Every structure is written in structure tokens, then in C-alpha cells.
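Protein chains: 2
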Amino acid sequence: MKILNKGTVTSAQGFSANGLAAGIKKSGKPDLSLIVSDVACPTAGVYTKNSVKAAPLVLAKEYLKNNRAQAVICNSGNANCFTGKKGFAVAQKTAALISKLLKIKTQDVIVASTGIIGKQLPFEKIKAAAPALVAGLSTHKGHLAAKGILTTDLTQKEIAVQITLGGKKVIIGGCAKGSGMIQPNMATMLCFITTDAAITSKMLKQALLAATDHSFNCISVDGCMSTNDMVSVMANGFSGNPLISSANADFQKFTQALTFICTDLAKKIVLDGEGATKFIEILVDGAKSHTQAKTIALAIANSNLVKTAAYGSNPNWGRVAAAVGSLSLGVTENTIKITFSSFAKKHIKINVFLKLGQNKAIVYTSDLSPQYVHINGKYT
Amino acid sequence: MKILNKGTVTSAQGFSANGLAAGIKKSGKPDLSLIVSDVACPTAGVYTKNSVKAAPLVLAKEYLKNNRAQAVICNSGNANCFTGKKGFAVAQKTAALISKLLKIKTQDVIVASTGIIGKQLPFEKIKAAAPALVAGLSTHKGHLAAKGILTTDLTQKEIAVQITLGGKKVIIGGCAKGSGMIQPNMATMLCFITTDAAITSKMLKQALLAATDHSFNCISVDGCMSTNDMVSVMANGFSGNPLISSANADFQKFTQALTFICTDLAKKIVLDGEGATKFIEILVDGAKSHTQAKTIALAIANSNLVKTAAYGSNPNWGRVAAAVGSLSLGVTENTIKITFSSFAKKHIKINVFLKLGQNKAIVYTSDLSPQYVHINGKYT
Numbered sequence: 445m446k447i448l449n450k451g452t453v454t455s456a457q458g459f460s461a462n463g464l465a466a467g468i469k470k471s472g473k474p475d476l477s478l479i480v481s482d483v484a485c486p487t488a489g490v491y492t493k494n495s496v497k498a499a500p501l502v503l504a505k506e507y508l509k510n511n512r513a514q515a516v517i518c519n520s521g522n523a524n525c526f527t528g529k530k531g532f533a534v535a536q537k538t539a540a541l542i543s544k545l546l547k548i549k550t551q552d553v554i555v556a557s558t559g560i561i562g563k564q565l566p567f568e569k570i571k572a573a574a575p576a577l578v579a580g581l582s583t584h585k586g587h588l589a590a591k592g593i594l595t596t597d598l599t600q601k602e603i604a605v606q607i608t609l610g611g612k613k614v615i616i617g618g619c620a621k622g623s624g625m626i627q628p629n630m631a632t633m634l635c636f637i638t639t640d641a642a643i644t645s646k647m648l649k650q651a652l653l654a655a656t657d658h659s660f661n662c663i664s665v666d667g668c669m670s671t672n673d674m675v676s677v678m679a680n681g682f683s684g685n686p687l688i689s690s691a692n693a694d695f696q697k698f699t700q701a702l703t704f705i706c707t708d709l710a711k712k713i714v715l716d717g718e719g720a721t722k723f724i725e726i727l728v729d730g731a732k733s734h735t736q737a738k739t740i741a742l743a744i745a746n747s748n749l750v751k752t753a754a755y756g757s758n759p760n761w762g763r764v765a766a767a768v769g770s771l772s773l774g775v776t777e778n779t780i781k782i783t784f785s786s787f788a789k790k791h792i793k794i795n796v797f798l799k800l801g802q803n804k805a806i807v808y809t810s811d812l813s814p815q816y817v818h819i820n821g822k823y824t
Numbered sequence: 445m446k447i448l449n450k451g452t453v454t455s456a457q458g459f460s461a462n463g464l465a466a467g468i469k470k471s472g473k474p475d476l477s478l479i480v481s482d483v484a485c486p487t488a489g490v491y492t493k494n495s496v497k498a499a500p501l502v503l504a505k506e507y508l509k510n511n512r513a514q515a516v517i518c519n520s521g522n523a524n525c526f527t528g529k530k531g532f533a534v535a536q537k538t539a540a541l542i543s544k545l546l547k548i549k550t551q552d553v554i555v556a557s558t559g560i561i562g563k564q565l566p567f568e569k570i571k572a573a574a575p576a577l578v579a580g581l582s583t584h585k586g587h588l589a590a591k592g593i594l595t596t597d598l599t600q601k602e603i604a605v606q607i608t609l610g611g612k613k614v615i616i617g618g619c620a621k622g623s624g625m626i627q628p629n630m631a632t633m634l635c636f637i638t639t640d641a642a643i644t645s646k647m648l649k650q651a652l653l654a655a656t657d658h659s660f661n662c663i664s665v666d667g668c669m670s671t672n673d674m675v676s677v678m679a680n681g682f683s684g685n686p687l688i689s690s691a692n693a694d695f696q697k698f699t700q701a702l703t704f705i706c707t708d709l710a711k712k713i714v715l716d717g718e719g720a721t722k723f724i725e726i727l728v729d730g731a732k733s734h735t736q737a738k739t740i741a742l743a744i745a746n747s748n749l750v751k752t753a754a755y756g757s758n759p760n761w762g763r764v765a766a767a768v769g770s771l772s773l774g775v776t777e778n779t780i781k782i783t784f785s786s787f788a789k790k791h792i793k794i795n796v797f798l799k800l801g802q803n804k805a806i807v808y809t810s811d812l813s814p815q816y817v818h819i820n821g822k823y824t
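Taken in sequence, the protein lines are chains A and B.
Using this note's numbering, the first residue of the first sequence is number 445, and each one after it goes up by one.
Using this note's numbering, the first residue of the second sequence is number 445, and each one after it goes up by one.
Careful: at least some of the hints might be erroneous.
Note: identical chains are not told apart, hence a pair may lie in one copy or across any two.
What the hints assert, rightly or not - Listed below are the simulated SDA-like cross-link pairs for lysine to any residue, each with C-alpha atoms no more than 25 Å apart in a straight line: (1) 569 to 708; (2) 529 to 804; (3) 612 to 800; (4) 711 to 445; (5) 732 to 771; (6) 563 to 587; (7) 563 to 776; (8) 790 to 818; (9) 790 to 511; (10) 493 to 771; (11) 530 to 778; (12) 612 to 449; (13) 649 to 502; (14) 790 to 599; (15) 781 to 533; (16) 804 to 573; (17) 646 to 578; (18) 563 to 788; (19) 547 to 821; (20) 790 to 815; (21) 789 to 814; (22) 509 to 723; (23) 571 to 711; (24) 469 to 447; (25) 505 to 778; (26) 822 to 715; (27) 613 to 449; (28) 493 to 733; (29) 530 to 799; (30) 789 to 819.
If you're looking for bench data, these hints aren't it; they were derived computationally from the structure.
Here the structure is a predicted model, which means the values were calculated and not measured.
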């Protein structure tokens, strides 16, 4: 596997993209992105488990029932969530608009939104900006698309890798946005992945579920589950590799690369977590199951006392022990061992060893800083 | 029911108390408190559900198996938690020391601790201070006892009320400490209650469980469950009221007064939550059960995004909806109604109406401020 220099969503063959400022954000920053495949292709998506779902997410789930798409249109600055029938109509109209301009099927357009909840998304701004967005599509503008989906993010989050499947070069690229309301369960941010691999939609879904389980489902910034977020992957088959239609060796290789992409983007989200000054890696070993290990690691990751201890470079394993104990799994002082790396460094490792079983999990989180409070106290 | 002016743990007949600085805290502030009943009497306790329990808590549970006690000795500045056999021996030695000085049974001494986890509690400091602590016991020094149990608290938390049972004046008084690691499940702080009511230990326990369920179990400051905390109530019967031995009218009256005491102290803990600038009352109505309503209300209370919105005086019902939705109870945009009082005020009310059932619960919490981060980033 090779990591591509300046890799992005247009690194794979047959994908173009664009991003611009449509005026949804008051700041005038880019807020509308489009990613398009030259052909409609197998597409898989995973979504937030929050029962309060944003309009575009409801629509995307509906459209993706046929496991096929050709374009992703995403705005930032407004989540189009809790916006009623009017908001749902805006999502529908956005899909119709883009499909008309691209001359593709409406159902092949994935609509996504991120930003403030509860305010109507101004469709007229999307309508006004869409022609230029489509006209400017280019195989070199993946970075602009990566920029237009950001909210409080300080950095763009992109990556692409190249693997070889059946003698053919296959590229997978992706971009993501954070950076608050980050907590699993899937998918707690937006992430759009493209690949020129030839793979059936069934195997693509399977690969995506495996990849997200070990990446986006293992991160937490503030323990708050979002209403909006999703991960999608479009696979247009342009690389010409032998079609992956079973869990063969090529599938394993593809899944491994996809997991790498997702893990890289997940870590970038944590690193750029709202107000984050530290990156914390929490290993829990000796649990009954992987799921239990992850639950325990997330309880530690979501403890404000652990997060503030990290912020203050103030190692305190009592707080880690208290977080584990709060789950009432019977863990006591005598059945837990905790080790730390230096809290003074930017990258902190917390290792917890239990005597409940043989399984482990790693979770990534950030610290809790006064800046997080400032960002979220003022955000409107 | 009458609220007593300057009411405290020595307001009830037959109780004396004292508090002083034993040098456990580096700051030189009071850190050792003693509350004593003139006679051994029915006593009930409730404890944290954290499976990692502090040494004094383990000892107190053991000693209280006979539902009887005569004294509470509590230090602040050190939690005596995660301190192994040595720490447990310190708790035992403390009980033995106090019992010897008071000439009462060792098993009638409740030991409690609060403060930093993972450091050995210096027994020699308790030993050196104990004679003066006992010698200075007075029926006027409840306030000193209330002071000696504080940690990061900014204010003392005390109250006493008077009720009439069978023609006799009965007094219940209590003191409590917060102010971080505040999250139910019982008991997430220290609270010591005294009363001169005559009541059997069985009915006392029943009254305490009812009172805590509607008070201390309904508050959250940071969602972190403590390893140390407990609520105890000693009832010495000095008021001469007809012994309460069943769930009669006097029992209801007593429980109501005890609930009032606990609710008052619980609210005071929230008001004095670490870094708190706002007091938030969250009502959830229309739930399947009281427990479900409380779970939902606590999810809202523990959302860092809701808490920072309160801090920033920035009403955002999207965050409240997202917190409810994260519980995956099937609540959607169409089955939730949210109303707010002004976020600009110090006391904020958040009301959530659901369509799941007929039950409700109220939970109290504080906001999340930069000060919380500073306090917990530096605390050692």
C-alpha cells in the first residue's frame, strides 16, 4: 500500500469535484462541495444512530437503497436538521437541481449537510451557486471539495492510497470533516470516499462496515452523537481490477486499505477536535469482548475528568479507574492495572489492563480545553 | 415544615460536632470533621455504585450492616481510594482511634473521605488532630463540621428543618459537599444527616432511599461517578416522638422532610458545581417510566454541548434534541417538543415533552465553563 502525495477524493480515476462559497456561512468561507463519478456506481453508506436524523440523511438513506450513486452534494454551515417538511423539501430540491445540471438520475445524488441545527437551509443560495459548482468540476479540485465541507475544523482532512489488485493499480481517496459532536455510533462526522476499484455493492458495504468499526466508531471528541453524519464510498470500477464479489484475497486487501483511509481520517478528526490540545490513545486490554473493551475505552475517553487531566498535563489514574468503575462491571482496585505515557507530551497513551477476558480495543480522543467551551458557548 | 435559621447537623437534639485543620490539605484549610450522637442509634447509608470503591466506603458498609452508628469521622483532601491494604488499614485505625477517644464501639464509627484518589492518607495527621477534635465537640459547631468536609466547594452546604410528629418537635439537619465528580448513581457526594426522630432502622433506610432517589440521584455536574461518596442519616430518637415503625402518616411526613433536606443540599451542590455559572433544571415529561424520564434528562444534563450552550447563554434546542436522539429510543423530530426559559438568566429551565408515555422526572445540573477545565486540569 502506497500513500499518495496530496491524495484526495479525485485521486481515483473517473472522479471530479469542486467546492465554493455559496453564502450559507456568514463568514464567506467555502460551504458547498460536489464530488462526481463519471458513471453511476456501487455506493455504500453508514449513518448516525441518533434517532433524531437530519433531512438530508433521511433522503440519502432512501436514495441509497439501491446501493448506487453518482454524486455527493454537501453544504456546511447549516445541518438542515429539525427543519420539518420544509427542510426535507430543500434536501429533495437540492438533489433534483444537481441531477438536472449533471444530467443524471435524482436518486443517484447523495445530499449531505453539516452545521447548525434547527435553522432552515436557504435553498436559493444553493440554487444560485450550483451552476458554477457544476461548471467548475475538475479532476484536480478534490481539495476544494474537502474544504467546502468543513465547519469548526481548523484543517482539511484528506488522504488517498494506492494498492494493486489483480495487477491493476487501484486508488482509494477520501475527505472528512469533524470536529465537535464526535462520538460513535457511526457516523459521527462526514466522510466521502471514492475509489476506482471494481467491487459489488454488497462487498463494498461489508468493507465499509469493517473499516468504520475500527476507525470512526473508535473515536470521541465530546461524547455527543450527531444527527447528521455519514460515511459514503463510491466505487466506479475504472481501475479495471477483477470485480470483487466475494471475501477473497483482493477483498481483504481492499478492506485493509479502506480501513487505513478511515483510521487516518478519524485520527485527523480527533487531532482537530474542537479546542483539542492533546491526542489521547486509549488501549483497553483483558476485556470479555472487543465490544466491551470499546465500551470501557469510550467511558474513559468521555470522562471530562480524564480529559481535563490530559489538558492540564496532570496524570491521574484515579480518574481513569473511576471511569471504568462507573460501568459497574465488577472491576475493582485489585483487578485493574493502569499505565500512562507522559502527560506532558501532545500524544498521550493510556493503557488499561483488566482481568475480565482476552479482548482489547483502542479508542482515540482529544482533551477538554477552555477553548472547547468557548467554541461551543458561542457557536450559532 | 419549618426551615430553621442557620440549621445544621447539630440542630437536632443530642448531636454535637466539630471541625478543624489537621494538615491533610496543603492549603491549611479545615479538613477533618466529626459528628457525634449522644447515643448509638438507628443509622442508614447509601453508597456510590462505582465498582471501584474507596477504603472508608468499604469499611462503612461493613460497619453499618447492623444499621447502627454513633459517630461520623470525615476527612477532606484525600479520598483514601486506590490505596490498597495500607489505605484500608488507615480507615480501620481511624475508626478505632475515634471510638477509643469517644469511648464508643469501633463499629459505631462511620469513616468517610473525599479528595484526591491514589495517594496514601497520612494517618499520623488524623492521630495528632483527633484529641483536639474530640475535646472541642459542641452542640454549636455543626458549621465547623460542614466546613471540614469541603474540597473544591466554594460554599458550605447546610440546612435543617423542623416538623411535628405525634405532637413532638422533630428536627432533621444535614450538611453536604460537592462539587465535581457529581453524577448519580448514589451517592455522588458526601452528605451527613442527623435527626432526633424516633424511627426504626428499617423505616429510616426506606425513607433515605426515597429521599435520595428524588434528590441526589437527580443531579449531575460532570457525569463522572465518584468512588467515595455516601449519604448517611443517624436518628437518635431524642425528640420523643412515637416510634415510626411502619409506613404510617408520620413516616410520610418524615420522608417528605428528609426529601426536602436532600433536595435542598443536592441543589446547593449543583449551584456550587465546579466552575458553575448557571443552574439548569431539566424537566422531561411524556416518558414510559420515571426511570426513563430520568435517563433522558440525565443524557441532556451530561451533554457537553448543552452545558456549553448554557454557559454561553446560547439557547440551542438542536443540541437538546440530539442528546435525546442519541439514546435511540425512537424519538424523532415529530415526537419531541422542547421549550426553554431565557438562557441569559442564572437559572435556566429546559422542558422536554415526549410521546412515549405519561411519566416525568426533573434533573438538576450546572453548565460547563472554562473554569471547570481549569479547576480539573490543575487539581492534584
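Do the hints match the structure? See the list:
no.	hint	verdict
1	569 to 708	neither (33 Å within a copy, 52 Å between copies)
2	529 to 804	neither (44 Å within a copy, 29 Å between copies)
3	612 to 800	neither (45 Å within a copy, 55 Å between copies)
4	711 to 445	within (19 Å within a copy, 58 Å between copies)
5	732 to 771	both (14 Å within a copy, 24 Å between copies)
6	563 to 587	neither (28 Å within a copy, 51 Å between copies)
7	563 to 776	between (47 Å within a copy, 17 Å between copies)
8	790 to 818	both (21 Å within a copy, 18 Å between copies)
9	790 to 511	neither (41 Å within a copy, 50 Å between copies)
10	493 to 771	both (21 Å within a copy, 9 Å between copies)
11	530 to 778	between (57 Å within a copy, 13 Å between copies)
12	612 to 449	within (19 Å within a copy, 84 Å between copies)
13	649 to 502	within (18 Å within a copy, 50 Å between copies)
14	790 to 599	within (17 Å within a copy, 36 Å between copies)
15	781 to 533	between (54 Å within a copy, 21 Å between copies)
16	804 to 573	neither (48 Å within a copy, 47 Å between copies)
17	646 to 578	neither (30 Å within a copy, 75 Å between copies)
18	563 to 788	between (41 Å within a copy, 21 Å between copies)
19	547 to 821	neither (43 Å within a copy, 56 Å between copies)
20	790 to 815	both (16 Å within a copy, 22 Å between copies)
21	789 to 814	both (18 Å within a copy, 22 Å between copies)
22	509 to 723	neither (37 Å within a copy, 46 Å between copies)
23	571 to 711	neither (34 Å within a copy, 51 Å between copies)
24	469 to 447	neither (33 Å within a copy, 54 Å between copies)
25	505 to 778	between (47 Å within a copy, 18 Å between copies)
26	822 to 715	both (21 Å within a copy, 22 Å between copies)
27	613 to 449	within (16 Å within a copy, 82 Å between copies)
28	493 to 733	both (21 Å within a copy, 23 Å between copies)
29	530 to 799	between (53 Å within a copy, 23 Å between copies)
30	789 to 819	both (24 Å within a copy, 20 Å between copies)
Checked against the numbered hints listed earlier, the structure breaks hints 1, 2, 3, 6, 9, 16, 17, 19, 22, 23 and 24; every other hint is satisfied.
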